[in-house]
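Next come the chains, spelled out residue by residue.
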Amino acid sequence: MIRIAAVGDIHMAPETRGLLRPAFDTLPECADVLLLAGDLTRHGTPEEARVVADEIRGLGVPVVAVLGNHDHHDDRPDEVAALLRDAGAHVLEGEGTVVDGGGARIGVAGTKGFGGGFVGRSAGEFGEPVMKEFVRHSRRCADSLRTSLERLEEEDCDVRIALTHYSPVPETLAGEPLEIYPFLGSYLLAEAIDTAGADLAVHGHAHAGTEHGMTTGGVKVRNVAQPVIGRAFHVYHLPVPERLRSGAGAQATTG
Amino acid sequence: MNAHDAGSAGGPPPAQSPEYRVAHLQDRLASGELGELGVRIEIRGEAVLVTGTVPSARCREDVLSTVREELTGLEVHCDIVVSEASSPDHAEELS
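Chains A and B, in that order, are what the protein sequence lines are.
So the mapping is simple: my numbering equals the position in the first sequence, first residue as 1, plus 8.
So the mapping is simple: my numbering equals the position in the second sequence, first residue as 1, plus 218.
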């Protein structure tokens, strides 16, 4: 099996330094990769990002992250991303990466994503400039997710995962007020995932939401916001592709 | 209707109504130094219910302190919990 650990919305700050590290230190025993689904800090300051960086440095499994809206609040997302990269994380925005996890090639396409709402109840690119920009930002994120997933398809990945902060589907928002769904995700992300294909979609952002959902195209979606999963992370076991079961990666599948 | 009319009707001035005070509190929690968007504040009868999950006990205290300051005079019921930071005890099999 391919073991995917994931968590989002850890909202770290100096007062929570070291809080997650004991749990993260168990990752090599139970996971092949750790995905961080954004909102890693409270305000997106470099000081908070350093706390996250120390939490994930030298974990023993690859770490792949996207940023969330909180990580943008201080208007220094590039600094936050750079600090996480210095700690060894792959920080994605509109791009993909392939990591070696237990002998498998795990492809992750990542974007923060954005809001706009879901089919039949979504914002349109119309009217005031700020409204049009809102929708365009969401569309750009979704387009980049689709492109990244398609590129991963060409890179012979054993599994492909879509990693976002905002939600691609409304199911994983259940528990949140209906009125704020347009600020929690966009169907454009799900459309991108279904168009390009993926084995799993992971997101955060919706603290009062629900863990399980699925896109129209049948891709499983998991909301891994820490308040939702109630743990330092959750682990998902993906089936081992035939190539690994019968070929060079057989050793990795016995663990 | 203006504020004077509302006052003479016996209720609080519109700007002081619990609904607007709760809305301003929510805005302060999100946009102020706490940056807290994960706390829900709802009017329940004569009281205000505060729920949500925050990353630390200190954060919970900070939120509560702001809530009490902003909603002085209103009864506040708090059910804010702190995130659980332990390892999972099982994995989910996705087939």
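For the record, the hints were derived by calculation from the structure and aren't laboratory data.
What you are looking at is a predicted structure, and each value in this text was computed from that prediction instead of being measured.
Hints may be right or wrong, so weigh each one.
[What the hints assert, rightly or not] Example chain B residues on the side facing chain A (calculated, C-beta under 7 Å, incomplete): (1) A248; (2) S249; (3) G250; (4) G256; (5) S274; (6) R276; (7) D280; (8) S301; (9) E310; (10) L312.
[As the list claims (entries may be wrong)] Pairwise CB distance ranges, derived in the manner of DEER restraints: (11) B:A265 with A:P30: 33 to 43 Å; (12) B:R258 with A:G68: 35 to 45 Å; (13) A:V127 with B:A265: 36 to 46 Å.
[Stated by the list, open to error] The following residues of chain B were derived to be distant from chain A, with all beta-carbon distances above 10 Å: (14) S235; (15) R239; (16) A241; (17) R246; (18) L255; (19) S304; (20) E311; (21) S313.
Glycine included, every Cβ here is placed at the ideal spot set by N, Cα and C.
Right, here's what the structure says about each hint:
The restraint placing B:A248 at the interface with chain A is violated, with a minimum CB-CB distance near 10 Å, outside the 7 Å limit. A least Cβ separation of about 9 Å between B:S249 and chain A goes past the 7 Å threshold, and the interface hint is therefore violated. The beta carbon of B:G250 is not positioned within 7 Å of any beta carbon in chain A (closest approach about 10 Å), and the interface hint is therefore violated. Given hint, B:G256 at the interface with chain A, holds; its Cβ is 4 Å from that chain's nearest Cβ, closer than 7 Å.
Given hint, B:S274 at the interface with chain A, holds; its Cβ is 5 Å from that chain's nearest Cβ, closer than 7 Å. A cut of 7 Å between beta carbons decides the hint on B:R276: the least distance to chain A is about 5 Å, and the hint holds. This hint is violated: B:D280 has a C-beta 10 Å from the nearest C-beta of chain A, more than the 7 Å allowed. The criterion of a C-beta within 7 Å of any C-beta in chain A is met by B:S301, whose closest approach is roughly 5 Å, and the hint holds.
Annotation: B:E310 was flagged as interfacial toward chain A, and the flag holds, the nearest CB pair being 5 Å apart, inside 7 Å. Hint on B:L312 holds. Least Cβ distance to chain A is approximately 5 Å, under the 7 Å limit. The hinted window of 33 to 43 Å between B:A265 and A:P30 holds, with their beta carbons roughly 38 Å apart. Distance hint check: the CB atoms of B:R258 and A:G68 are about 37 Å apart, consistent with the given range 35 to 45 Å.
Taking the beta carbon of each, A:V127 and B:A265 are about 38 Å apart, inside 36 to 46 Å as hinted. Its beta-carbon lying about 20 Å from the closest one in chain A, B:S235 satisfies the requirement of being farther than 10 Å from that chain. Distance check for B:R239 against chain A: the nearest CB is about 19 Å away, which clears 10 Å, and the non-interface claim stands. Listed as a non-interface residue, B:A241 keeps its Cβ farther than 10 Å from every Cβ of chain A; the least gap is roughly 13 Å.
Its beta-carbon lying about 15 Å from the closest one in chain A, B:R246 satisfies the requirement of being farther than 10 Å from that chain. With a cut of 10 Å on Cβ distances, B:L255 falls inside the contact zone with chain A, its closest approach being about 8 Å. Here B:S304 does not stay apart from chain A, with its beta-carbon only about 6 Å from theirs, under the 10 Å limit. A cut-off of 10 Å between C-beta atoms contradicts the statement that B:E311 is not in contact with chain A; the least separation is 5 Å.
At roughly 6 Å, the least C-beta separation between B:S313 and chain A is not larger than 10 Å, which violates its mark as non-interface.
Going through the hint list in order, the structure does not satisfy hints 1, 2, 3, 7, 18, 19, 20, 21.
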